[in-house]
Amino acid sequence: EAGVAQSPRYKIIEKRQSVAFWCNPISGHATLYWYQQILGQGPKLLIQFQNNGVVDDSQLPKDRFSAERLKGVDSTLKIQPAKLEDSAVYLCASSKGYPSAEQYFGPGTRLTVT
Amino acid sequence: AQKITQTQPGMFVQEKEAVTLDCTYDTSDQSYGLFWYKQPSSGEMIFLIYQGSYDEQNATEGRYSLNFQKARKSANLVISASQLGDSAMYFCAMREILPQGAQKLVFGQGTRLTINP
Chain A
1 EAGVAQSPRY KIIEKRQSVA FWCNPISGHA TLYWYQQILG QGPKLLIQFQ NNGVVDDSQL
61 PKDRFSAERL KGVDSTLKIQ PAKLEDSAVY LCASSKGYPS AEQYFGPGTR LTVT
Chain B
1 AQKITQTQPG MFVQEKEAVT LDCTYDTSDQ SYGLFWYKQP SSGEMIFLIY QGSYDEQNAT
61 EGRYSLNFQK ARKSANLVIS ASQLGDSAMY FCAMREILPQ GAQKLVFGQG TRLTINP
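Listed in order, the protein sequences are those of chains A and B. The opening residue of the first sequence carries number 1 in our numbering; numbering runs sequentially from there. The opening residue of the second sequence carries number 1 in our numbering; numbering runs sequentially from there.
None of these hints come from the bench; they were simulated from the model. Glycine included, each C-beta is placed from N, C-alpha and C at the ideal position. One or more hints might be untrue.
Some but not every residue of chain B turned toward chain A, in silico, with C-beta under 7 angstroms [stated by the list, open to error]:
(1) E44
(2) F91
(3) F107
(4) G108
(5) G110
Pairs of lysine-lysine residues, derived as DSSO-like cross-links and limited to a Cα-Cα distance of at most 27 angstroms, are as follows [unchecked claim]:
(6) B:K3 / A:K44
(7) A:K83 / A:K62
(8) B:K73 / A:K44
(9) B:K3 / A:K62
(10) A:K96 / A:K44
(11) A:K71 / A:K44
(12) A:K11 / A:K44
(13) B:K73 / B:K3
(14) A:K44 / A:K78
(15) A:K44 / A:K15
(16) A:K62 / A:K15
(17) A:K83 / A:K15
(18) A:K15 / A:K78
(19) B:K70 / A:K44
(20) B:K3 / A:K96
Make the full structure from the sequences, and use the hints.
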């Protein structure tokens, strides 16, 4: 079974530029998560989708971050414009969707904002 | 709000020794789940072990076991016979059930484990 795929693996941009990350979850997984992991900290949930609907985006900085999950499969997370403090690893995870289901993580995208 | 605390920023252990990584949690929920994840330098989060709040026995998965003490609100990870490949960041996490019935994980700060040959 293929795991969660993410691209790109690394991205370097200047502040005020925009960037987008892509995630392809495990086939059949209804729930998709985007986490932000700042260096030295644990991951923090940004947004959660159930199929193509948003379940929780309470910690997403909506003035600059946006995310979508078209057709309930792939997802894209965008930052526009980027700030220095957005430098982090962005992790995508997926699960089968019921509350006790285990989350499977992708390899992450390391973003550096200069 | 739920909170996870990992008080050990770093641990150094000799190969083949057992190691305990500490995790305490705070929640007012009666039903909850506790997870441990391993994050190697490559960056992916690898699921290790899960303990449900109503599970009467401590969870075990190969060399990993979870020392669950509900009254103390602790869920320590025990790795037996440590190996060089165990060197990584380890995160304790708690599952929070949202009003909509979905779940989210709340992570601790992590412990960096280094296994010395």
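Comparing the hints with the structure gives:
no.: 1; hint: E44; verdict: holds (5 angstroms)
no.: 2; hint: F91; verdict: holds (5 angstroms)
no.: 3; hint: F107; verdict: holds (3 angstroms)
no.: 4; hint: G108; verdict: holds (5 angstroms)
no.: 5; hint: G110; verdict: holds (5 angstroms)
no.: 6; hint: B:K3 / A:K44; verdict: holds (12 angstroms)
no.: 7; hint: A:K83 / A:K62; verdict: holds (14 angstroms)
no.: 8; hint: B:K73 / A:K44; verdict: holds (22 angstroms)
no.: 9; hint: B:K3 / A:K62; verdict: holds (24 angstroms)
no.: 10; hint: A:K96 / A:K44; verdict: holds (20 angstroms)
no.: 11; hint: A:K71 / A:K44; verdict: holds (25 angstroms)
no.: 12; hint: A:K11 / A:K44; verdict: holds (20 angstroms)
no.: 13; hint: B:K73 / B:K3; verdict: holds (11 angstroms)
no.: 14; hint: A:K44 / A:K78; verdict: holds (16 angstroms)
no.: 15; hint: A:K44 / A:K15; verdict: holds (22 angstroms)
no.: 16; hint: A:K62 / A:K15; verdict: holds (17 angstroms)
no.: 17; hint: A:K83 / A:K15; verdict: holds (5 angstroms)
no.: 18; hint: A:K15 / A:K78; verdict: holds (14 angstroms)
no.: 19; hint: B:K70 / A:K44; verdict: holds (25 angstroms)
no.: 20; hint: B:K3 / A:K96; verdict: holds (25 angstroms)
Hint check: no violations occur; every hint is consistent with the structure.
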